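Sequence order for the protein chains is A and B.
Numbering-wise (the working numbering), the first sequence opens with residue 57 and increments by one.
Numbering-wise (the working numbering), the second sequence opens with residue 13 and increments by one.
Since the hints were made in silico from the structure, they are not lab data.
These figures come from a predicted structure and were not determined experimentally.
Note that beta-carbon positions come from the ideal geometry of N, C-alpha and C, so glycine has one too.
One should not assume that every hint holds.
As the list claims (entries may be wrong) - As a list, the in silico EDC-like pairs of lysine to aspartate or glutamate whose alpha-carbon atoms are at most 16 angstroms apart:
| hint | chain 1 | residue 1 | chain 2 | residue 2 |
| --- | --- | --- | --- | --- |
| 1 | A | Lys116 | B | Asp186 |
| 2 | B | Lys217 | B | Glu23 |
| 3 | A | Lys116 | B | Glu162 |
| 4 | A | Lys116 | B | Asp182 |
| 5 | A | Lys64 | B | Asp234 |
Said to hold, decoys possible - Just a few of them, taken from the derived set where beta-carbon distance is under 8 angstroms, the chain A residues facing chain B:
| hint | residue |
| --- | --- |
| 6 | Ser63 |
| 7 | Val115 |
| 8 | Cys119 |
| 9 | Gly120 |
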Amino acid sequence: MKIWVNSKEVETAAVSLASLVEELSLPTQGIAVAVENRMVPRTQWEACALSEGMRVVVVKAACGG
Amino acid sequence: MPPGGRYARQEALAEIGVGGQEKLRRARVLVVGAGGLGSPVALYLAGAGVGRLTLVDDDVVSLSNLHRQVLYAENEVGRAKVEAARSRLLSLNSEVEVEACGVRLTADNAVALVQAHDVVVDACDNYATRYVVGDACAAWGKPYVYGAIEGFRGQVAVLCAAPRFRTYRDLFPDEAALRAMRPFKGVAGMTAAVVGGVQAHEVMKLVCGYGETLAGRLWTIDLRTMESYVLDI
Numbered sequence: 057m058k059i060w061v062n063s064k065e066v067e068t069a070a071v072s073l074a075s076l077v078e079e080l081s082l083p084t085q086g087i088a089v090a091v092e093n094r095m096v097p098r099t100q101w102e103a104c105a106l107s108e109g110m111r112v113v114v115v116k117a118a119c120g121g
Numbered sequence: 013m014p015p016g017g018r019y020a021r022q023e024a025l026a027e028i029g030v031g032g033q034e035k036l037r038r039a040r041v042l043v044v045g046a047g048g049l050g051s052p053v054a055l056y057l058a059g060a061g062v063g064r065l066t067l068v069d070d071d072v073v074s075l076s077n078l079h080r081q082v083l084y085a086e087n088e089v090g091r092a093k094v095e096a097a098r099s100r101l102l103s104l105n106s107e108v109e110v111e112a113c114g115v116r117l118t119a120d121n122a123v124a125l126v127q128a129h130d131v132v133v134d135a136c137d138n139y140a141t142r143y144v145v146g147d148a149c150a151a152w153g154k155p156y157v158y159g160a161i162e163g164f165r166g167q168v169a170v171l172c173a174a175p176r177f178r179t180y181r182d183l184f185p186d187e188a189a190l191r192a193m194r195p196f197k198g199v200a201g202m203t204a205a206v207v208g209g210v211q212a213h214e215v216m217k218l219v220c221g222y223g224e225t226l227a228g229r230l231w232t233i234d235l236r237t238m239e240s241y242v243l244d245i
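Chain A with its partners taken away, still in its complex shape (with noise of 0.2 angstroms):
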């Protein structure tokens, strides 16, 4: 299926956020990722379901000021 991630759009076989985390091997800290324009907490991402065209937006972390 075909979901946003960023403003880029992705095929992926991820049902879930956290396959998807895996899929992009993304790191699993020091990120916060958003469903929908929502923050899910890491210990929701197993129990968070993707559907097509879904909007995910993955945020790093910064600390720079």
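Based on the hints, put chain B in the right spot on chain A.
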């Protein structure tokens, strides 16, 4: 309101007006970090007439600061940042009080500093201090305007504030992992300008009480593509 008064152009805004200006005059704002973000934050808040600003930073001005830390000039290299900043801010607006606090914010002094102010702005440059500031603001329910930059990317959130009270740990729970990271130090000056400007304006919204703040929401921007999101935390 005198037509050419110092604050005439912002008092002319219905969202601010004379009432909002008085709220700004009475506001006490703590700015943690007087670097890339702290520079625009402090300059715009002093310009806007925030009555009391406290700057906390234990660093001195260096040449590699000047492309983004617009508070400082070449002849101030080597000078304590908070002292140079205080001079600059008072020359911009002699009506405001600026306290220069040339120390590092730690778990020992954070609570006293946070308690003595109405709003806290996080403009620091490391994860350790962010967790200390975030925890103190969460414990005392003090509105915490978070901002961070790296390269061309920036993010701002209003934490520990109604109507959607979220903490820094809600956003980034991995303290140990983040503190162990070696952050990339490259940054465009304009990233600091954009993000610091947004932080200063969130302070103005919180103090004057207009619009919708980023309470419980994270705003992100990538200046390379102008891709931007507002995400519920």
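A quick look at each hint next to the structure:
1. A/Lys116 to B/Asp186: Status holds; Cα separation ~12 angstroms.
2. B/Lys217 to B/Glu23: holds (14 angstroms)
3. A/Lys116 to B/Glu162: holds (10 angstroms)
4. A/Lys116 to B/Asp182: Satisfied, since the Cα-Cα distance of roughly 14 angstroms is no more than 16 angstroms.
5. A/Lys64 to B/Asp234: Given pair A/Lys64, B/Asp234 holds - Cα atoms ~14 angstroms apart, limit 16 angstroms.
6. Ser63: holds (5 angstroms)
7. Val115: holds (6 angstroms)
8. Cys119: Holds: closest Cβ of chain B sits about 5 angstroms from A/Cys119, inside 8 angstroms.
9. Gly120: holds (5 angstroms)
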